[in-house]
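J.: Sequence:
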Amino acid sequence: MGASRPGLWELALTCLRLGTVAFGGPQAHLALLQETFVEQRHWIDAEQFEEGLALCEALPGPSSSQMAIYLGWKRCGLLGGLVSGLCFLLPGLLVVLALSALWRVSQGIESLRSISSVMQPVVVAVIWAFAWQLFQRRQARWERWSAVALFALLALSQELAVTIPLGLVLLAGGLLRMAWSGSAPALALWPWMGIEDLALMATANPHLQLLADLSDVFLRAGLLIFGGGFVIIPLLEGPVLEHGWMSSGAFLDGIAIGQLSPGPVVLTSAFIGFQAGANLAGGWFAIAAACTATAAMFLPSFGFILLAAPLIERLRTRPWVQAFREGIVTCIPAVVAVAALRLSLESLNSLGSWSGAGQWSVLLAALVLRLKWKLSPAALLMGAAVFALLLRP
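Numbering (the numbering used here) for the sequence shown: 3 to 395.
Hint data in this document are derived by calculation from the structure and do not stem from the laboratory. All values reported here derive from a predicted model rather than from experimental measurement. One or more of the hints may lead you astray.
[Said to hold, decoys possible] With beta-carbon atoms standing in for the labels, derived distance ranges:
| id | residue 1 | residue 2 | range |
| --- | --- | --- | --- |
| 1 | Glu53 | Gly358 | 45 to 53 angstroms |
| 2 | Asp47 | Gln211 | 33 to 41 angstroms |
| 3 | Phe25 | Val107 | 44 to 52 angstroms |
| 4 | Gln211 | Gly360 | 38 to 46 angstroms |
| 5 | Trp11 | Val150 | 47 to 55 angstroms |
| 6 | Trp375 | Gln141 | 20 to 28 angstroms |
| 7 | Arg320 | Leu373 | 16 to 24 angstroms |
| 8 | Gly360 | Ala157 | 22 to 30 angstroms |
| 9 | Glu348 | Lys374 | 24 to 32 angstroms |
| 10 | Arg320 | Val388 | 19 to 27 angstroms |
The C-beta atom is built at its ideal place from N, Cα and C for all residues, glycine as well.
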């Protein structure tokens, strides 16, 4: 049966529906897309779906949302890709915005604060588990030893109060792997290393300055997301805390909200932007800041698929491209583990206190449930919320 071509309105409604029920992580999202586009609607055949998946897996960014963009582009061109991608992300964005506003109001409500205090160690446990799973995927011995050595180096630098931007570490890993493989002159890309010192916009207006800073941070993060949505954690944790947009505990709450909402966990960007905007001006500016952060985070995904897909399809098999991606992926377990270590030390109370001992106990229990029993992050977070309510007198 030949593939049919949907109208834009039908494509939009379908992707809105999928975005509304897109819970369970990227694999569940991809299964939904395949079932709908290939098996039910026959808008694309299985071979084209697999080709698109291979392309999206090779690119930085959340693979499920990129796949939604790709499928719309494949069937309805540039406008179709925009429609499918935006409609797939819109339900999750609206949920995150609503929960962001609720979170801000709830900071004065003791019962909701107690739920947050139990959920935070669960989020840290999920990050530790993600780092361990990434480490286990490294098959080559040199990859595992490199990850261990890098983690030790980054942990030592943290102990010595030496700040090393984790996004810079990933970029350096990709360039070093390229240079080591001899597949391309890596020095040509070294000017990118100075991107940390560049500002997208210099202005005296604090509102525009915040939007520029959000665009800068989230655009660079969106260019380096390889290996899963949780990779945003080390990419964002440092810049978010350095800019003073929120505390480490609030950052963990944002990750939890992103995990409990439909769509990719990368929509945590909306929570961060919302809180940063609310701190400065509140009201509608918080929504504008949230949308700015989200747009900057997903701009590389839309750009890669809609504007450069044919070129990238040819380049992704080139040795220098594969070496660059391999170098980044090798560094990711260490970078995620260091972010988990920092969040553990900064957001959880001291083990010497009763509250601290309780939080660390929750962390260990959640880690066991995640690694041994394979409970999903959403299930762990919901369980933590119920547990916190049961503990209330």
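J.: Look at each hint and say if it fits the structure.
T.: Here's how the hints hold up against the structure:
As the Cβ distance of Glu53 to Gly358 is approximately 51 angstroms, the hint placing it in 45 to 53 angstroms holds. In this structure the hint that Asp47 and Gln211 lie 33 to 41 angstroms apart at CB is violated, the actual value being about 49 angstroms. Between Phe25 and Val107 the CB atoms are about 24 angstroms apart, so this pair departs from the stated range of 44 to 52 angstroms. Taking the beta carbon of each, Gln211 and Gly360 are about 40 angstroms apart, inside 38 to 46 angstroms as hinted.
Checked against the hint of 47 to 55 angstroms, the pair Trp11 and Val150 passes, with Cβ atoms roughly 53 angstroms apart. Between Trp375 and Gln141 the CB atoms are about 25 angstroms apart, so this pair conforms to the stated range of 20 to 28 angstroms. Restraint check, Arg320 to Leu373: a C-beta distance of roughly 36 angstroms breaks the suggested window 16 to 24 angstroms. Between Gly360 and Ala157 the Cβ separation comes to about 25 angstroms, which falls inside the hinted range of 22 to 30 angstroms.
Between Glu348 and Lys374 the C-beta distance comes to about 27 angstroms, which sits within the given range of 24 to 32 angstroms. One distance hint, 19 to 27 angstroms for the beta-carbon pair Arg320 and Val388, is violated here, with the actual separation near 50 angstroms.
Consistency note: the structure conflicts with the earlier hints numbered 2, 3, 7 and 10.
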